[in-house]
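Participant: So you can see what is in the structure, the chains are spelled out below.
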Amino acid sequence: MLEKNPVIFIILAFVVIMVGTTVTMIAPFKWINGPGDRIAEVKPYTPLQQEGRDIYMREGCNNCHSQTVRTLAADVERYGYGGGYSRSGEFVYDRPHLWGSRRTGPDLAHIGLKYPDPKGMWHHKHMENPQSVVPASNMPAYAFLNAPLDTSYSERKMKLLKFPYTQADLDELKGKSEMDAIIAYMRKLGTDLPVSKASNGPKLQDVLNNPYNDLNTVKAEALSIYAKDCASCHGVKREGTLGPSLKGSARSDADLFAIIANGIEANGMPAFSGMLDERKIWKLVTLIKLGKQDD
Amino acid sequence: MHAPTRYYDDSVKGFIIWSIVWGTVAVLVGILISLQLAWPQLNVAPYLTYGRLRPIHTNAGIFGWGIGSFIALFFYITQRLTRSPLWSPGLARVTLWLFNIGIASAAVTLAMGFNRTKEYAELEWPLAIVVAIIWVLFSINVFMTILRRKEEQMYISLWYIMATLVGVTVLYVINNLGVPLHLFKSYSAFAGTNDANVQWWYGHNAVAMVLTTPPLAIFYYFLPKVTGNPIFSHRMGIVAFWSLIFMYLWTGAHHLLWTPVPDWIQTLAMAFSIMLIAPSWGAVFNGYLTMNGQWEQLKTNYLVKFLICGITFYGLQTLQGPMQAVRTFSAFIHYTDWVPGHVHMGALGWVSMVLFAAIYYAVSKMNDSEIYSTRLADIHFWLVLVGQLIYSVTMWIAGVQQASMLLATNPDGSLHYSFMETMIAIFPYYKMRAVSGFIYLAGLLVFIYNIYKTFQKGVVTQAAKP
Chain A
1 MLEKNPVIFI ILAFVVIMVG TTVTMIAPFK WINGPGDRIA EVKPYTPLQQ EGRDIYMREG
61 CNNCHSQTVR TLAADVERYG YGGGYSRSGE FVYDRPHLWG SRRTGPDLAH IGLKYPDPKG
121 MWHHKHMENP QSVVPASNMP AYAFLNAPLD TSYSERKMKL LKFPYTQADL DELKGKSEMD
181 AIIAYMRKLG TDLPVSKASN GPKLQDVLNN PYNDLNTVKA EALSIYAKDC ASCHGVKREG
241 TLGPSLKGSA RSDADLFAII ANGIEANGMP AFSGMLDERK IWKLVTLIKL GKQDD
Chain B
296 MHAPTRYYDD SVKGFIIWSI VWGTVAVLVG ILISLQLAWP QLNVAPYLTY GRLRPIHTNA
356 GIFGWGIGSF IALFFYITQR LTRSPLWSPG LARVTLWLFN IGIASAAVTL AMGFNRTKEY
416 AELEWPLAIV VAIIWVLFSI NVFMTILRRK EEQMYISLWY IMATLVGVTV LYVINNLGVP
476 LHLFKSYSAF AGTNDANVQW WYGHNAVAMV LTTPPLAIFY YFLPKVTGNP IFSHRMGIVA
536 FWSLIFMYLW TGAHHLLWTP VPDWIQTLAM AFSIMLIAPS WGAVFNGYLT MNGQWEQLKT
596 NYLVKFLICG ITFYGLQTLQ GPMQAVRTFS AFIHYTDWVP GHVHMGALGW VSMVLFAAIY
656 YAVSKMNDSE IYSTRLADIH FWLVLVGQLI YSVTMWIAGV QQASMLLATN PDGSLHYSFM
716 ETMIAIFPYY KMRAVSGFIY LAGLLVFIYN IYKTFQKGVV TQAAKP
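Chains as they are written, first to last, in our numbering: chain A, 1 to 295; chain B, 296 to 761.
To be clear, the hints were calculated from the coordinates, so they are not data collected in a lab. Keep in mind that this is a model prediction, so the values were computed, not measured. We put the CB at the ideal spot given by N, CA and C, even for glycine. A couple of the hints might just be wrong.
What the hints assert, rightly or not - These stretches of chain A come out as covered by chain B in the derived footprint (C-beta under 8 Å, 3 or more residues): (1) 12-24; (2) 135-141.
As the list claims (entries may be wrong) - Derived DEER-like restraints, expressed as beta-carbon distance ranges: (3) A:116 x B:674: 57 to 65 Å; (4) B:484 x A:72: 28 to 36 Å; (5) A:217 x B:623: 31 to 39 Å.
As the list claims (entries may be wrong) - Partial pick of chain A residues on the chain B-facing surface, computed with a CB cut under 10 Å: (6) 29; (7) 86; (8) 92.
Start from the sequences, fold in the hints, and give me the full structure.
Facilitator: Written as structure tokens, this is what we have:
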């Protein structure tokens, strides 16, 4: 019977494929993005950020960069930047999601927490010529994004996506380049999260004294931390590129510690207290103070 | 005795030729982007950057080469299994035109940056509608041919064909739902975690309904034709068929392990992925046992080599896939180059091997002649096999190496390697992978030459007829 009636056959095949579809794809709409998932602090995109997101999609950034920090210790350590692992509520305004499937480059879900500089100097330099800040990088250069941003649909996008906006938000678009927009988008990623830097970072008053006074005991580790977290702005040899040279410093150990831990927002220096524990910060201080010119 | 049925094969030939053209584009773009990953200065901004080219590579491969040749071979198989001419040759011609316009526009618009970013559903809404129309026109043609068939029994290949028609329609339409902003831009109908869950329900079942059921339909038809042996067990084929199309739809979330998608969906996906080994291997054993007592054909019949090698890669693919769907192993290799290694074993090893055999056989039959050169077909076989193996093996090694480095920690729990250190370690494998692409391309060119000469020979044979 079945072997002989194609109409009954395709109805049956349809029913069979709809069982798993209903349970794992349709039913979850009841729970996902519901009130339980919401994170109050997470805000919709501004017109400039949404334009940036659309450029991110146009350039297919998602082909190399994921946007989900998994619930794995190594993922949280590498890509959490103090924001922990990704939760559903971070993505409720994302149409479509941009989680990606391959990390040819690093995960960007919380990248805004890594480079809080309001001027986005690191991003500018990196996007224009990635190899100038990360010499072995295989990322293409995106200098062509230094072109005027097309804002003719910006307001319609806000309406279509039902995002709140003000005239000031729209005025912010004037004179902006595509580069400004994509950097505004990346700077938002993760920054809405309630990150408590004090809780997982060192407390200043407890750590006023540098426990290391001999460079040789910490040199190898300090150089490795430096290469990972500092070299892209201060130069591979600490000669200074975006940030100042770190071959020696007239500041006190405690001052240097405070700068690394808390950052200097005005000139783009990120705060590392969420990423480096106090011992590592002291090791960096020791390297800066006692490191030889050629170290 | 029936009078011999006249089959309508012009569109079969048309789709075969164009699918080979698009397949070649996919391989060429694949080689270019593999070179870009090793030498980033090869990116030509803005149109030829990796981010814009990668979807062209996957779309040309899956939709151009895959779907194109499936349409050709479904037209071919359906006519012969039903002993009926194609329902509407005119509709088939229109479908071919639309298909080529669709794929060419896809390549152009993706290079221009019109990209929805949902994997294997990147095309913006006007083109997505064109794709849906192509599929519906093709489905109606095949289904009507089956409805008006002269052969009452429906062989297992027709089952797989009909499931493909239904499955692809449902998947493609739902995952493409969105709200247009203007002609070249739309936003997904779903947000965040929901969108991810819908996307991978689609993404994984595109693997089921585009890269599994159609090559299985083709395999079940051509293996008995090529070897002269009946299929080992029709009943096993039927049991495997229903369990395969039932289980596949539960497994999409194995692409989303450890993400914010609810745990129970991930766990169901993991469990069903492991259960899928059974129906997948049902088909593998059906293939192997059909060869019982006939294994010497592996030496004497070049088509058997392609088919048995193809089904073997299917067997390996359907063991490796479930392994990757287990949480612990996924934590290790997901997001690394292991996954492209896996995917290319399926695409180049399983799907393309079966397609090569089917196209060689169908082209010879339609031309009433033998293949131009079995020796060239042998060279083709070894080149594509070696190219694919180098690709997959280097990517598996690269994936394991990078994964180990990414997860390595110091005694105090901090990470041992920076991201760039893990990247620098895998550059040598990227160069090796690019080499494998050239080897594969060489094999493909031999195939194209052999098919071209066979067509030419067919023209001569037919002209010589009184």
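Participant: Each hint should be assessed against the structure and marked as holding or not.
Facilitator: Each hint, compared with the structure:
| no. | hint | result |
| --- | --- | --- |
| 1 | 12-24 | holds (count 10) |
| 2 | 135-141 | holds (count 6) |
| 3 | A:116 x B:674: 57 to 65 Å | 59 Å, holds |
| 4 | B:484 x A:72: 28 to 36 Å | 31 Å, holds |
| 5 | A:217 x B:623: 31 to 39 Å | 37 Å, holds |
| 6 | 29 | 6 Å, holds |
| 7 | 86 | 6 Å, holds |
| 8 | 92 | 5 Å, holds |
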